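Q: Listed below are the residues making up each chain.
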Amino acid sequence: MQNKRIFFKENPYLYMVKLISVKERKKICDLIQQQILNENGIPLKKISNNIASEAILTNDKNLMYFSYLPYLLYKVLTQPHLLHSSQWRSNKKIILDYVDSLEVKELKSYIDDINHFVGMFKTIDRNLYYYIKNIFEKAKIKKASYCYEHGQSINQTLSLTDANRIELMHYLNNSKINFEVGKDIISEKVAIIEDFFK
Amino acid sequence: MSFGADGMKYVFFDSSSIISLTQTNMLFLLEKLKSKEIKFCISKAVYDEIILPGQENCQFGWSSEQIKATIDSGLLEVFNLEEKEQKDYDLVDEQVNSIFSTKFGPIQILQKGELETIILLKRFKEKKLFSIDELITREIIDDPRKLKDIVERRYKTQLFLDEKKLKQFVDYVFDIKVVRSVDLVAYSFGRNLFAKYNTKSEHLLKSLLYALKDSGCAVLHEEIDRYAAEHNN
Numbered sequence: 001m002q003n004k005r006i007f008f009k010e011n012p013y014l015y016m017v018k019l020i021s022v023k024e025r026k027k028i029c030d031l032i033q034q035q036i037l038n039e040n041g042i043p044l045k046k047i048s049n050n051i052a053s054e055a056i057l058t059n060d061k062n063l064m065y066f067s068y069l070p071y072l073l074y075k076v077l078t079q080p081h082l083l084h085s086s087q088w089r090s091n092k093k094i095i096l097d098y099v100d101s102l103e104v105k106e107l108k109s110y111i112d113d114i115n116h117f118v119g120m121f122k123t124i125d126r127n128l129y130y131y132i133k134n135i136f137e138k139a140k141i142k143k144a145s146y147c148y149e150h151g152q153s154i155n156q157t158l159s160l161t162d163a164n165r166i167e168l169m170h171y172l173n174n175s176k177i178n179f180e181v182g183k184d185i186i187s188e189k190v191a192i193i194e195d196f197f198k
Numbered sequence: 001m002s003f004g005a006d007g008m009k010y011v012f013f014d015s016s017s018i019i020s021l022t023q024t025n026m027l028f029l030l031e032k033l034k035s036k037e038i039k040f041c042i043s044k045a046v047y048d049e050i051i052l053p054g055q056e057n058c059q060f061g062w063s064s065e066q067i068k069a070t071i072d073s074g075l076l077e078v079f080n081l082e083e084k085e086q087k088d089y090d091l092v093d094e095q096v097n098s099i100f101s102t103k104f105g106p107i108q109i110l111q112k113g114e115l116e117t118i119i120l121l122k123r124f125k126e127k128k129l130f131s132i133d134e135l136i137t138r139e140i141i142d143d144p145r146k147l148k149d150i151v152e153r154r155y156k157t158q159l160f161l162d163e164k165k166l167k168q169f170v171d172y173v174f175d176i177k178v179v180r181s182v183d184l185v186a187y188s189f190g191r192n193l194f195a196k197y198n199t200k201s202e203h204l205l206k207s208l209l210y211a212l213k214d215s216g217c218a219v220l221h222e223e224i225d226r227y228a229a230e231h232n233n
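Protein sequence lines correspond, in order, to chains A and B. Just so you know, we're using the numbering used here here: the first sequence kicks off at 1 and counts up by one. Just so you know, we're using the numbering used here here: the second sequence kicks off at 1 and counts up by one.
Don't read these hints as lab results, they were simulated from the structure. Do not take every clue at face value.
Simulated coverage check for chain B against chain A, where a stretch passes if three residues somewhere in it have a Cβ under 8 Å from a Cβ of chain A [stated by the list, open to error]:
no., stretch
1, 19-33
2, 69-79
3, 105-119
4, 145-155
5, 182-190
Partial chain B-side listing against chain A, Cβ under 10 Å, derived [as the list claims (entries may be wrong)]:
no., residue
6, K36
7, E139
8, D142
9, V173
10, V179
11, S207
12, D214
Computed from a predicted structure; not experimentally measured. All C-beta atoms, glycine included, are put in the ideal place defined by N, C-alpha and C.
Just chain A, same shape as in the assembly (with noise of 0.2 Å):
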């Protein structure tokens, strides 16, 4: 327990939330502001598996969205073409007075508001709209192979995620725990399907 509270001391981005109350969401958000203000996505990464481990754990779809968040940015501000563009200032502007708002907002409202940050850019700024859009919808494949990777169905990935069924398929085909199957198990089920067949 001890090394867990020196742990988590030294890396502030792999705080593990827990359940998200108010004050840990601000806690998290203020987080999520830092790295943008420094322009720095990578830790955003780590906090978005945070959460996404948090809405597995409690079968929350809606802290689930939350999670799509840093993602979103983490992919935003490492790529140095919309970092350079000149609407970037504003942009940012936008964005850090976006994740301010949802400091105090209700939980239950994260679908419609992430859904709605993503909309926004749309009469902004089209490219990094076009960006975005497009990563939400990666974003949602991602955490959903992260579900799956922890032992929950197809089926239970999708409903809390959201994600494509056929985009998710063609993405585990390569994802880790498929390389966790070590049986060479095809000989024995053709066995079994010519028993069925006979």
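On the provided structure of chain A, position chain B as indicated by the hints.
A: Coordinates of chain B only, in the frame set by chain A:
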């Protein structure tokens, strides 16, 4: 009402398996494999999972149209749960979705499509197969302890296993044999159902199995390569 005493055999597909066969243009195998005593089936929940999204979104429209046509032709039948089976459904739902838990509560593993199929498979006393391409549902039926090992490594918190519920579930599904689309196709290949391609080579077999893998079937590269090599010898 007694089911399955008529010598019929039932193959139930999960959405993952039927989608893999559709996307790889191998649905025709159902017609080749069907006989008087073999029925290919899906549950109503699986039907809803694969047909409804296609009606709402053109991206999946073509796949769902092909499956719908297969149902309309009578090759694939849709089964509903009966009222009395709903009780079993609720019981198994509670059982399987609380086998694993964390300090936050039970982990939900299976949903309506898989659960309905399991209940429907139990309806029939005779031979039955469950074709499912995804790993999690397959492992919870085939080897739940191994699934625990796999899953435990992923969680950042301790995972608890309810031995009693696990045993109840294992006892319940003991007579359900699980296969994948790759296994069905490997079997079909052995029966020469791809004869029109005029070759029975290792290359064709591997191509078929890799196509299914690319459509999402949980199978390893090594598994395919080894099986194809063995088959060739």
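Q: Can you name, in rising order, the numbers of the hints this structure does not satisfy?
A: 2, 6, 9, 11
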